[in-house]
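Asker: Chains as they are written, first to last, in the numbering used here: chain Z, 120 to 445; chain H, 2 to 323.
A couple of the hints might just be wrong.
[To be verified] The list that follows gives simulated cross-link-like pairs (lysine-lysine, DSS-like), each with its CA atoms no further than 30 angstroms apart:
id : chain 1 : residue 1 : chain 2 : residue 2
1  : Z       : Lys202    : H       : Lys132
2  : Z       : Lys321    : Z       : Lys249
3  : Z       : Lys265    : H       : Lys227
4  : H       : Lys133    : Z       : Lys249
5  : Z       : Lys439    : Z       : Lys427
6  : Z       : Lys321    : Z       : Lys210
7  : H       : Lys227    : Z       : Lys210
8  : Z       : Lys242    : H       : Lys133
9  : Z       : Lys434    : Z       : Lys321
10 : Z       : Lys265    : Z       : Lys321
11 : H       : Lys133    : Z       : Lys203
12 : Z       : Lys210    : H       : Lys133
13 : Z       : Lys266    : H       : Lys227
14 : H       : Lys227    : H       : Lys133
15 : H       : Lys91     : Z       : Lys210
16 : Z       : Lys266    : Z       : Lys249
17 : H       : Lys168    : Z       : Lys202
18 : Z       : Lys202    : Z       : Lys265
19 : H       : Lys132    : Z       : Lys203
20 : Z       : Lys242    : Z       : Lys210
21 : Z       : Lys266    : Z       : Lys321
22 : Z       : Lys202    : H       : Lys227
23 : Z       : Lys203    : H       : Lys29
No wet-lab data here; the hints were simulated from the structure. Quantities reported herein were computed from a predicted structural model and do not represent experimental measurements.
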Amino acid sequence: MNVPLLEIEHLVTRFYTEDGVVKAVDGNSLHLAEGETLGIVGESGSGKTVTALSVMRLIENPGRIESGRILFRGENLLTNSEKKMRQIRGKDIAMVFQDSLSSLNPTLTIGEQVDRVIRFHTKLTRRRRKSRVVELLTQVGIPEPKKRTGNYPHEFSGGMRQRALIAMAISCNPEVLILDEPTTALDVTIEAQIFELVDQLKERFGMGTVLITHDLAVVANSCNRVTIMYAGRIVEEAGVYALYENPLHPYTRGLLHSIPHLNEEGQERLPSIPGEVPDLISLPEGCNFSPRCRYADERCRQVAPSLKEVKSGRKIACLKIDEIDE
Amino acid sequence: MNKNPSEEAKLGIWAHRGLLEEFWHNFKKNKLSLVGGIIVLLYLIIAIFAPLLAPYNPVEQFNAPRGEHNPLPPLSRSAEGYLFLLGSDKFGRDILSRAIYGTRTLLQVAVGSIAVALVLGVWMGAVAGYKKGTWVDELIMRAVDVMLSFPTLVLAIALLGAFGIGKTRIGPFVLSNMVKIMVVIAITYSPRFARVMRGVVLQEMTEDYVDAAKVAGASGGRILTKEVLINTIPPIIVQASLMMATTVLTSSSLSFLGMGLQPPRPSLGLMLNEARDFLFLRAWWYAIVPGVSISLVILGFNLLGDGLRDSLDPRQARRVQQ
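Next comes chain Z alone, as it looks inside the complex:
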């Protein structure tokens, strides 16, 4: 078996705040193959973004990566020097943030900001870089790219800014592209356009993509595999079709049930998961989901389940798996 593109093993990332220790990512493992799209789904604060930032090694004080390994092509990123990491960021592993307006420097033109990434990682001459910027902006579908390079971020629309960010991310042909809720700030039409663009780029350059989102519909459209996170832990991992056809973990079921369906009649209230997301500082004993789970018993409140493979390509962290699985 060949080495996966990106492999995270038992990653633990914690934030030492004044109120206590936030267990943002608690012993998670996942992997990404070449050309594959992995969806990471979870509510706000479930540790999706922290996972991505850990991969980039951009966890800052008071946060710390406690243990685990992050292997990029077999090489552990956590033991790399900061200088080495700077060479990897933006070149081998690129990331797109959700808020395109604040992710762009308001005082630099779009052209300068795309150019910056190329300048960091290549030795192209000024002129070559300039034409590369125009080429990139054309690739992400920005009309009149030559003219637009001189514009400032506030002169772009939201969708155009997100396209520019994607242009920056793909400028050095990264092998891994992490998209952190890339369309949350956009309306549905633009969202569709952006994902269409991402799909095109994936097809063309064959990079592995990690898509972080809380939107299951988005995942269904563009991912091969899905990882569901709850309160810092991965609770379920499955191929996208298997997950939608037969969600196993009680939390995943709750999530899928809380999606409104247009064609369902007679249903008055949208089912929701009772209770609230636990505070990451004072997590419950045992399974994090146990206080909200209707299958939970004494054992669930004492022993934390680990992620186990139940079928091929299908992992779940639940002690009651035999009872749930029909």
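We have chain Z already, so just place chain H on it with the hints.
Answerer: Then chain H, alone, in the frame of chain Z:
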């Protein structure tokens, strides 16, 4: 995407309205700040073209006509027949000429000290903000606290007292009196810039574009110099223009107290000091000219600074209004 041509053209104009135009558009709405700007501009013109505008040499002494004594009132003539538009001072020098040259030296000192204070303060603040929470930050900011705990004028007098008045030799460098005053004022004001700068850098460092730059592979130093510093310019400009007003006041005060520029060099503060003796006697105009001049330039810089703050940093202006 499908816009009609005229709309497209309009949008095109909008898109190409540069940052400067944007700024001017906001700035001219506030009439008071325009007044401030005009006052400052007038003073700058006076300072730059002083030799052309002043009717006489500011240190040349004229004799009072027979039976009269200097200082002479406005619109009177000297024994030689020279006209004093704003009167003469106690040595028979033309007050208008001295005020014009005094404005020049005053602005020289103010601009020079702000420039030096910026260079010192901005870097201290930027490094402290960037190294937030480390010993570097602590060291810089505690030094700043110590300096700020002295009243500005007292600190300036103490420093000038330590250096002595007149030319000073520091190692291989010989500082003229004026340069020395600039440096002293700059030292007393740089902590304020450092504080403002640190705050702005702290705020900017939390912006997403900093993370985005890191994700793109930028190093910390590059982020600070290439990404963050340019975004700190507006608040620093505002701070500098507001601080101009106080440096004008400080340098005039130093001159007034005899610690600043030395006679016979024309200085508005010195003129005020000389005029003090005549205030309640018969020469009220003597003090009016430098007094009004100093007040006006301070007013101008304050109005300008307020206007700049409102138009350069609309976020902050909105916060103030709320």
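Asker: Of the hints given before, which are not true for this structure?
Answerer: 4, 8, 15, 17, 18 and 23
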